[in-house]
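K.L.:
Our numbering puts the first residue of the sequence shown at 647, with every later residue one more than the last.
Warning: the hint list may mix true and false statements.
To be verified - Computed Cβ-Cβ distance ranges for the label pairs, DEER-style:
id : residue 1 : residue 2 : range
1  : HIS854    : VAL800    : 17 to 27 Å
2  : CYS684    : ASN814    : 26 to 36 Å
3  : ILE833    : LYS890    : 19 to 29 Å
4  : ILE669    : GLN815    : 43 to 53 Å
5  : LYS890    : GLU824    : 19 to 29 Å
6  : ASP739    : ILE708    : 17 to 27 Å
7  : GLN829    : PHE675    : 52 to 62 Å
8  : GLN815    : ALA666    : 32 to 42 Å
9  : THR735    : THR795    : 49 to 59 Å
10 : ALA666    : ASN785    : 11 to 21 Å
11 : ASP739    : ASN804    : 40 to 50 Å
12 : LYS865    : VAL726    : 29 to 39 Å
13 : ILE708    : ASP845    : 12 to 22 Å
14 : GLN649    : PHE675    : 36 to 46 Å
Hint data in this document are derived by calculation from the structure and do not stem from the laboratory.
Cβ atoms here follow ideal geometry from the backbone N, Cα and C, with glycine treated the same way.
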Amino acid sequence: MNQGKFISKFKIDLEKEFDAVKIKDNNIFLKIKNTEVCCSLQDVYRDYIISGDYNNVKDWYIELIWDVISKQHYKINLDVIFPVLRPCTFGGDNAEKFYREKFVEDIMVYFVEDKDELWKYLTLKEIEDGGYSVEEIKNKAFQNINKITNSLNVLDENIRIYSLAFDNQWGSSIILSEKFRKQLDKIGKDLLVAIPAQDVLLVSKYNHENRYIMKNLVKVEIEETYRISNKLYRYKNNKIMLVKDKNVNLQLVK
Numbered sequence: 647m648n649q650g651k652f653i654s655k656f657k658i659d660l661e662k663e664f665d666a667v668k669i670k671d672n673n674i675f676l677k678i679k680n681t682e683v684c685c686s687l688q689d690v691y692r693d694y695i696i697s698g699d700y701n702n703v704k705d706w707y708i709e710l711i712w713d714v715i716s717k718q719h720y721k722i723n724l725d726v727i728f729p730v731l732r733p734c735t736f737g738g739d740n741a742e743k744f745y746r747e748k749f750v751e752d753i754m755v756y757f758v759e760d761k762d763e764l765w766k767y768l769t770l771k772e773i774e775d776g777g778y779s780v781e782e783i784k785n786k787a788f789q790n791i792n793k794i795t796n797s798l799n800v801l802d803e804n805i806r807i808y809s810l811a812f813d814n815q816w817g818s819s820i821i822l823s824e825k826f827r828k829q830l831d832k833i834g835k836d837l838l839v840a841i842p843a844q845d846v847l848l849v850s851k852y853n854h855e856n857r858y859i860m861k862n863l864v865k866v867e868i869e870e871t872y873r874i875s876n877k878l879y880r881y882k883n884n885k886i887m888l889v890k891d892k893n894v895n896l897q898l899v900k
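Generate coordinates for the entire structure from the input sequences, incorporating the hints supplied.
P.N.:
So this is what it looks like as structure tokens:
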């Protein structure tokens with residue numbers, strides 16, 4: 647395809663994707679969302695000559711243009727980013743593109759932007775493109791969740807197992823708040839914690855009786871979309887760790 651035919655075809659294809667496509671001084675200009683992008687037609691045609699594959703070159707430049715536009719229009723709102731707990735299986739094959747950190751063996755911390763009707767899970771690319779460091783995002787997210795309030799109510803006076811007093815969108819992720827953790831210190835210095843679902847957090851003093859009771863509580867049927875973990879954790883000295891079951895063989899004797 648000669649350069650004239652290439653430019654004509656390329657312009658027609660761009661017009662299917664973008665507004666106000668025009669050619670001037672061997673450059674192609676296009677506008678979308680009040681943002682104007684310019685491409686050198688010499689560069690585009692050179693890439694076509696090297697590649698020989700028009701569709702591949704066209705698709706690559708369209709993707710590149712959209713990337714430039716998205717960087718101009720999407721800016722992370724630091725005032726509404728928060729850390730949230732999700733199971734390690736969350737995100738499936740797409741999990742790696744999101745920025746996340748390990749909370750415990752089977753739970754990850756993701757960082758979200760609260761956009762009212764939905765949560766936008768932040769990717770490392772979006773953080774970097776926004777000119778932020780990961781530490782800046784983390785620090786601001788944890789500052790924000792420290793502003794969220796909730797308290798603990800006793801489920802049963804006899805066994806003294808506590809649960810969240812209020813239902814809100816942050817649910818069990820409130821355990822990431824240093825302010826909330828001060829309430830845990832009032833219950834005891836050595837605690838048992840369960841995080842069975844996004845909206846369920848259970849806390850009790852660490853002992854074998856409570857381990858048995860809470861182990862059964864986390865087995866309650868929960869919709870998979872909202873499940874976090876059916877494991878138990880030990881909270882001590884502001885650290886949380888997985889409670890591992892010990893295999894003990896008991897034999898009944900007369």
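K.L.:
If a hint holds in the structure, say so; if it does not, say that too.
P.N.:
Quick rundown of the hints versus the structure:
1. HIS854 with VAL800: 17 to 27 Å: About 20 Å separates the Cβ atoms of HIS854 and VAL800, which means 17 to 27 Å holds.
2. CYS684 with ASN814: 26 to 36 Å: For CYS684 and ASN814 the Cβ distance comes to about 47 Å; the hint is violated.
3. ILE833 with LYS890: 19 to 29 Å: holds, 23 Å
4. ILE669 with GLN815: 43 to 53 Å: Roughly 49 Å apart at Cβ, these two residues keep to the hinted range, so it holds.
5. LYS890 with GLU824: 19 to 29 Å: holds, 27 Å
6. ASP739 with ILE708: 17 to 27 Å: holds, 24 Å
7. GLN829 with PHE675: 52 to 62 Å: holds, 58 Å
8. GLN815 with ALA666: 32 to 42 Å: Distance hint for GLN815, ALA666 holds at roughly 40 Å.
9. THR735 with THR795: 49 to 59 Å: Hint violated: Cβ distance 30 Å, outside 49 to 59 Å.
10. ALA666 with ASN785: 11 to 21 Å: Since ALA666 and ASN785 have Cβ atoms about 41 Å apart, the given range 11 to 21 Å is violated.
11. ASP739 with ASN804: 40 to 50 Å: holds, 46 Å
12. LYS865 with VAL726: 29 to 39 Å: holds, 35 Å
13. ILE708 with ASP845: 12 to 22 Å: This hint is violated: roughly 41 Å between Cβ atoms.
14. GLN649 with PHE675: 36 to 46 Å: violated, 18 Å
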